[in-house]
Amino acid sequence: EVQLVESGGGLVQPGGSLRLSCAASGFTFSDYNMNWVRQAPGKGLEWVSHISGSSNNILYGDSVKGRFTISRDNAKNSLYLQMNSLRDEDTAVYYCARDRPRGYAFDYWGQGALVAVSS
Amino acid sequence: QSALTQPASVSGSPGQSITISCTGTSSDVGGYNYVSWYQQHPGKAPQLMIYAVTNRPSGVSNRFSGSKSGNTASLTISGLQAEDEADYYCNSYTSSNTWVFGGGTKLTVL
Chain F
17 EVQLVESGGG
27 LVQPGGSLRL
37 SCAASGFTFS
47 DYNMNWVRQA
57 PGKGLEWVSH
67 ISGSSNNILY
77 GDSVKGRFTI
87 SRDNAKNSLY
97 LQMNSLRDED
107 TAVYYCARDR
117 PRGYAFDYWG
127 QGALVAVSS
Chain U
2 QSALTQPASV
12 SGSPGQSITI
22 SCTGTSSDVG
32 GYNYVSWYQQ
42 HPGKAPQLMI
52 YAVTNRPSGV
62 SNRFSGSKSG
72 NTASLTISGL
82 QAEDEADYYC
92 NSYTSSNTWV
102 FGGGTKLTVL
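Note that the protein sequences, when read in sequence, are chains F and U. Anchor point for the first sequence: position 119 equals 135 in the working numbering, and the numbering is continuous, going up by one each time. Anchor point for the second sequence: position 7 equals 8 in the working numbering, and the numbering is continuous, going up by one each time.
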């Protein structure tokens, strides 16, 4: 059974940093591209970042480019999101999501981790 | 990249059919057959319902179907059931090598 479990969320002050983790199980992690998608309270979904299975293709949404860094450790079956220079508008539930085998859609999602940016 | 345009809400009675539209541009919806649809119940993670415009993942009811014409994609739910009440989001790959979601549509089953 495919499982994605996020951790590392919490309350952080504006300008601060936080690192999210996503532990994957039930599939060969290195074979799949992965993504982070976020959802602000009461709002819609926003794609944040994408990383290929071998980490040779990394993409970011405009709202986080230059502040967030996606990475993965295939030996540990883990996906990460390093978030720096956090802003109030980064407050959201952050989901890790797996790409379908042929990509371009997100077939499994974690339960989400809440990141709250507030002073 | 602007969000794709979806109606804020749609409603239907049990047994009826409803359609949710998702309008983009030639740089996203119209340019690629990479439109997907997600169902999200309150407090839950999204679930993939349709991928590559018309394809259903294993386990998704055949009451759900997708289509596309030009820059507009559509999700149709036939034989509406109470359990279909949820938020629905479309998503498309874009020419900027990014992905963009629609603003979401709240489906109410009357």
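If you're looking for bench data, these hints aren't it; they were derived computationally from the structure. The reader is advised that the hints may include incorrect statements.
Claimed, not checked - Okay, derived cross-link-like pairs now, SDA-like style, lysine to any residue, Cα gap no bigger than 20 Å in a straight line: (1) U:Lys107 with F:Gly119; (2) U:Lys45 with F:Lys81; (3) U:Lys45 with F:Ala132; (4) F:Lys59 with F:Thr107; (5) U:Lys69 with F:Gly119; (6) F:Lys81 with U:Asn98; (7) U:Lys107 with F:Glu62; (8) F:Lys59 with U:Lys107; (9) F:Lys59 with U:Pro8; (10) F:Lys81 with U:Lys69; (11) U:Lys45 with F:Ser46.
- Query: Hint by hint, which ones does this structure get wrong, listed from lowest number up?
  - Reply: 1, 2, 10 and 11
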